[in-house]
Structures are given as C-alpha cells and as structure tokens.
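Work out the full structure, taking the sequences as your base and the hints as a guide.
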Amino acid sequence: LAKITQPISMDSYEGQEVNITCSHNNIATNDYITWYQQFPSQGPRFIIQGYKTKVTNEVASLFIPADRKSSTLSLPRVSLSDTAVYYCLVGPILTGANNLFFGTGTRLTVIP
Amino acid sequence: EADIYQTPRYLVIGTGKKITLECSQTMGHDKMYWYQQDPGMELHLIHYSYGVNSTEKGDLSSESTVSRIRTEHFPLTLESARPSHTSQYLCASSDPRGFQAFFGQGTRLTVV
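These protein sequences, in sequence, are chains A and B.
The numbers in the working numbering rise by one with no breaks, and the one at position 44 of the first sequence is 44.
The numbers in the working numbering rise by one with no breaks, and the one at position 53 of the second sequence is 53.
Don't read these hints as lab results, they were simulated from the structure.
There are no misleading hints in this set.
In silico DSSO-like links for lysine-lysine, alpha-carbon gap of 27 Å or less: (1) A:K3 x B:K57; (2) B:K31 x A:K3; (3) A:K69 x A:K52; (4) B:K31 x A:K52; (5) A:K3 x A:K52.
Ranges of calculated distance between the beta carbons of each label pair, as one might list FRET restraints: (6) B:E22 x A:T83: 27 to 37 Å; (7) A:S81 x B:G51: 29 to 39 Å; (8) B:T65 x A:N26: 27 to 37 Å; (9) A:D11 x B:E42: 12 to 22 Å; (10) A:E58 x B:S61: 37 to 47 Å; (11) A:Y13 x B:D30: 39 to 49 Å; (12) A:E58 x B:E56: 29 to 39 Å; (13) B:P75 x A:P112: 37 to 47 Å; (14) A:N19 x B:K18: 43 to 53 Å; (15) B:T77 x A:K54: 43 to 53 Å; (16) A:P112 x B:Y50: 37 to 47 Å.
Cβ coordinates follow ideal geometry from the N, Cα and C atoms, glycine included.
The following block contains the structure:
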C-alpha cells in the first residue's frame, strides 16, 4: 500500500479556494488517487478520482504532477457546508485486492 | 444517490445481548465492507467481502462476525455486546469498475 501523508487539519474563510495536498511517494504504476469527503455522523462520499494531470468535476479539481508523488484537491470558493474531513486514498483499481484504506484525513474547517 | 441501506440507524442495547446490524445494497456490487468509527476518529476496516461466500477480516481486530450469503446482503453480528463495542458502524460497497465506494448512513451502537 502506498504510504499517504496529508495535513491533519486546515482552516479557511468562506469564499476562498482551498487546496489540500496529499503526499504518496511510493505510488505504484497502476495506482489511482481518489478523494472522499465525510461529514459528521455520515459515511464518506466520493468526490473525485484521477491518474495523472488534472481532473475536474462539478465539486472539485484534482491536480497530479507528472511524477505522481503527490496530488492536490482543490475546492473552489468554499462555503460553511464544506466543513468536513477529506480523505486521500491511493490504490489500484480493477483488482481483487482490498484497497479501501482510509487514513486520518484532513479536517477542513470553513470559518464565516 | 447510493442504494445502500443500513438498519437500524441507532441502537441502544444492554451488555450481553446478541445483535445483528443489517446492510443491503441494490447496485449488484460484489465488494462490500464494514468499518468502525468512533466520533472524530479514523475509519477502521473490520470486515470485507469479495462476493458471495467470501468474508475476510480487516485491519482492526473485531469480535464481530459477518456473512455473505447473498450479493446484496452483508450483515454484521455481535454475539455478546459489550460497552467497548459502542461505536458507529459503516457499511460500504464498491464499484467493480473503479475505486468508488458507496457508504450507508451508518448504525450508531451504544451498549450500556
């Protein structure tokens, strides 16, 4: 399993762009990078997934440099409702292996 | 919206009782998971399944057991509940084509 490091917590004001970086130095060739969001007392929710370069959807963008040793989740113009824990997961897809390991995540607090 | 359901949503039960937490999904996913999470803490994988008649223990040792007789159903059983089992239990299934997991709403268990 790729070793993952992400900040324990971050604070941001409403309306700002938030970038959460995840370090995964020993990422394997067939590993994908996936981000989940978890609100208190709820299960995690899939946000975005990527392999390289940039992926964008209606919720966030994911930036992955060429060496793939890190990735950055970008949340544009956050609101109070974006306060949650954000998990970075790295692992292969299309395999039979158990690959849903959630680490400590990054606790994002959006301040009015 | 994800079609994965957990019942009950909340459960308060006395020490020594046998309990079964239900989890059902209608997406036809082969892979299913059970996680345990205390408030503000990490998600810990306690059981997973690759499909019917497949069950595996996760990263966190648990006194619970699971069964997978049908694809859509993955119940978790505690033979004799103890206060140390008080926690939130989250069930998930994953899309076989990728790395996206869908979580249920969770069962918050309190053993008194």
